[in-house]
Amino acid sequence: MYGIGILKGFSVTALNMIRAPFTIEYPDRRVGLLGLAKASGMNPLVFALKRPAAAVKAALGVAKIPARLPQHSRFRGQEFVWYEERCTGCASCAKLCPLGIIRIVTDPSGRQTQEGEVYDVEVFDIDLARCMACGICVEVCPYDALHMGSGFERARYAFPNLMITVDELKRAPKRPSTWFRPQLEAKGYDPQRSGTADWKLVGRHETPTAEQLKRTWVDERTR
Amino acid sequence: MPIRTEPVTVNIGPHHPSTHGVFRLRVTFDGEVVVDAEPVFGYLHRGTEKLAEERTYVQFVTLSDRMDYVASMTNNQGFMLAVEKLAGITPSPRGVWLRMIAAELQRIASHLVGIGFFLQDLGAFGTPLIYVMRERERILDLFEMLCGARITVSYMRPGGVFMDAPQDFWPALDTFLADMPHYVDEYERLITGNEIVLVRTKGTGKVPAETLVNASVSGPMLRAAGLDWDLRIKDPYEYYGRVKFDVPLARESDNFARYIVRIQEMRESVKIIRQCVEQIEPGPVRPKEVPFLIRPPAGDVYAHIEGPKGELGYYLVSDGTIAPYRCKVRAPSFINLTLLRDMLVGWKVADMIVTFGSIDINMGEVDR
Chain C
10 MYGIGILKGF SVTALNMIRA PFTIEYPDRR VGLLGLAKAS GMNPLVFALK RPAAAVKAAL
70 GVAKIPARLP QHSRFRGQEF VWYEERCTGC ASCAKLCPLG IIRIVTDPSG RQTQEGEVYD
130 VEVFDIDLAR CMACGICVEV CPYDALHMGS GFERARYAFP NLMITVDELK RAPKRPSTWF
190 RPQLEAKGYD PQRSGTADWK LVGRHETPTA EQLKRTWVDE RTR
Chain P
44 MPIRTEPVTV NIGPHHPSTH GVFRLRVTFD GEVVVDAEPV FGYLHRGTEK LAEERTYVQF
104 VTLSDRMDYV ASMTNNQGFM LAVEKLAGIT PSPRGVWLRM IAAELQRIAS HLVGIGFFLQ
164 DLGAFGTPLI YVMRERERIL DLFEMLCGAR ITVSYMRPGG VFMDAPQDFW PALDTFLADM
224 PHYVDEYERL ITGNEIVLVR TKGTGKVPAE TLVNASVSGP MLRAAGLDWD LRIKDPYEYY
284 GRVKFDVPLA RESDNFARYI VRIQEMRESV KIIRQCVEQI EPGPVRPKEV PFLIRPPAGD
344 VYAHIEGPKG ELGYYLVSDG TIAPYRCKVR APSFINLTLL RDMLVGWKVA DMIVTFGSID
404 INMGEVDR
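Chains as they are written, first to last, in the numbering used here: chain C, 10 to 232; chain P, 44 to 411.
Worth double-checking, as some hints may not be accurate.
[Unchecked claim] No farther apart than 35 Å at their CA atoms in a straight line, the calculated lysine-lysine pairs in the DSBU-like style are these:
id	chain 1	residue 1	chain 2	residue 2
1	C	Lys179	C	Lys104
2	P	Lys128	C	Lys17
3	P	Lys391	C	Lys17
4	C	Lys59	C	Lys73
5	P	Lys287	P	Lys314
6	P	Lys245	P	Lys314
7	P	Lys287	P	Lys277
8	C	Lys47	C	Lys17
9	P	Lys128	P	Lys371
10	P	Lys93	P	Lys331
11	P	Lys249	C	Lys17
12	P	Lys287	C	Lys104
13	C	Lys17	C	Lys104
14	P	Lys249	P	Lys391
15	P	Lys331	C	Lys196
16	P	Lys128	P	Lys93
17	C	Lys17	P	Lys314
18	P	Lys287	P	Lys371
19	P	Lys331	P	Lys277
20	P	Lys93	P	Lys371
21	C	Lys209	P	Lys331
22	C	Lys179	P	Lys331
23	P	Lys331	C	Lys104
24	C	Lys104	P	Lys93
25	C	Lys17	P	Lys277
26	P	Lys331	P	Lys128
27	P	Lys277	P	Lys371
28	C	Lys183	P	Lys331
29	P	Lys277	C	Lys104
Quick caveat, the hints were computed from the structure, so don't treat them as lab data.
Using the sequences and the hints given, assemble the complete structure.
Okay, structure coming up:
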């Protein structure tokens with residue numbers, strides 16, 4: 010009979026109407042009183058007594074809480090994580106960036122002693138307007154100083170604001186992605202849940218003691 | 044007495060929702076019938092082949108993602124095969140299995156998009172497209188676990204893949220593989236039996252197999268005409284010789300045949316991934332001795348794979364430096380699209396968009 014196929018199709022759409030939604034609201038989602046109390050970690054009754062204004066809002070259905078899609082720890086975000094203590098200013102990232110958008114100016118009066126001869130990084134500009142988050146700069150970094158970040162909310166109104174400068178890199182919260190960093194993944198690090206990572210945690214090398222550094226980098230024969 | 048009508052030329056595109064990107068179709072109509080059609084492309088030309096000449100082999104992986112941006116994994120795979128052939132690299136077995144899993148997942152995702160937009164062109168506005176996007180989202184989640192990106196993956200490297208799959212990837216893949224056949228059943232219930240779809244697609248956009256072969260068309264379009272040509276069987280690359288699967292064929296070579304071949308290929312891809320998961324072996328994912336800057340000996344090489352849209356080939360010429368001297372991409376979308384005039388002439392306006400959608404092109408790959 011003509012029309013059976015269409016009815017079958019309608020049965021599929023009807024079934025999908027009663028299924029739980031697949032979409033996730035972003036950046037925040039509406040919650041009721043129970044949801045809001047759960048989000049703030051309180052018993053609904055206690056919550057209603059303590060914060061009556063918020064409780065009324067939630068009961069009316071206009072309360073919102075921030076919502077975010079769970080993202081994997083390997084997620085390649087735009088906000089780079091850079092460890093000043095690890096960087097020697099070798100500029101491998103600038104040389105091998107496919108688009109050449111990293112600009113590094115160094116000063117030989119370096120002071121770190123992590124990996125031998127070190128340059129002071131004065132300028133470290135990453136032009137995010139052209140960055141395609143391929144992560145090759147992270148892949149080639151020999152000292153594990155540069156990591157992909159985990160954030161993605163970096164829209165700005167003007168192009169100059171998209172430039173990441175060295176000061177911003179120093180200030181930024183250190184939540185590195187585990188992309189191309191198996192040592193971080195082996196430690197079970199998750200940028201969303203584990204909090205910020207110290208520079209000693211992120212390297213594939215053991216942190217050398219002063220004695221080891223002396224043995225490795227200071228040539229005794231020239232003394 | 045018949046009414047004398049003047050043929051009228053109409054531009055469809057370059058910005059038109061049914062042209063899958065920026066594509067212009069100059070059509071001459073006589074009444075409602077197409078008498079001439081001329082595809083005009085190049086609006087998305089970025090010069091990827093020229094850009095390859097000043098980039099190292101690993102750097103070009105990132106650009107190969109951006110050619111066919113709904114099938115980045117297979118683009119990576121084809122390029123890696125060419126580089127490995129050129130530089131004489133033997134890939135690690137685990138890396139190859141991971142590449143096959145990623146490529147077959149990408150084939151499912153690409154066919155989902157192809158089917159969704161084909162039905163969108165047909166006038167099924169929204170519903171099927173949203174359904175296929177739901178499953179594609181799960182595949183993209185799997186890609187995010189593998190490589191941190193969803194669309195522009197840059198996952199593969201000469202000799203294998205850049206990093207092993209994380210621990211939580213395997214259970215997620217298993218649940219996806221268990222669910223996917225049910226999803227395909229759901230599309231079949233929704234679409235395949237629908238009388239409107241059948242009337243609109245059966246018998247329209249017919250092309251004889253001869254014309255297809257003469258235009259060197261490949262992929263699901265060729266298999267919808269009953270020609271058993273799949274490079275995974277005819278020229279097994281990677282480990283496709285070790286997995287068993289059928290090549291879905293249809294005989295009619297019309298729009299419906301192209302749709303049904305894609306549906307069946309998704310089922311076959313699920314089978315292939317299951318066999319890959321069974322056969323995958325532990326070990327390194329890429330050989331330690333492959334450097335970042337590959338300097339292959341002078342020479343030229345052609346490597347091809349069966350992409351979701353057809354034969355995807357890379358022709359690389361090396362002059363012994365770190366960058367290719369020439370990189371030519373045989374893009375399946377581009378070559379399949381050249382047949383558009385033969386497919387459209389003689390059909391009506393309503394069939395024109397359907398036929399165009401059934402080719403499943405991607406403008407990023409056509410213009411490169």
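- [ ] List, from low to high, the hint numbers that the structure doesn't satisfy.
- [x] Hints 2, 8, 12, 13, 25, 29 not satisfied by this model.
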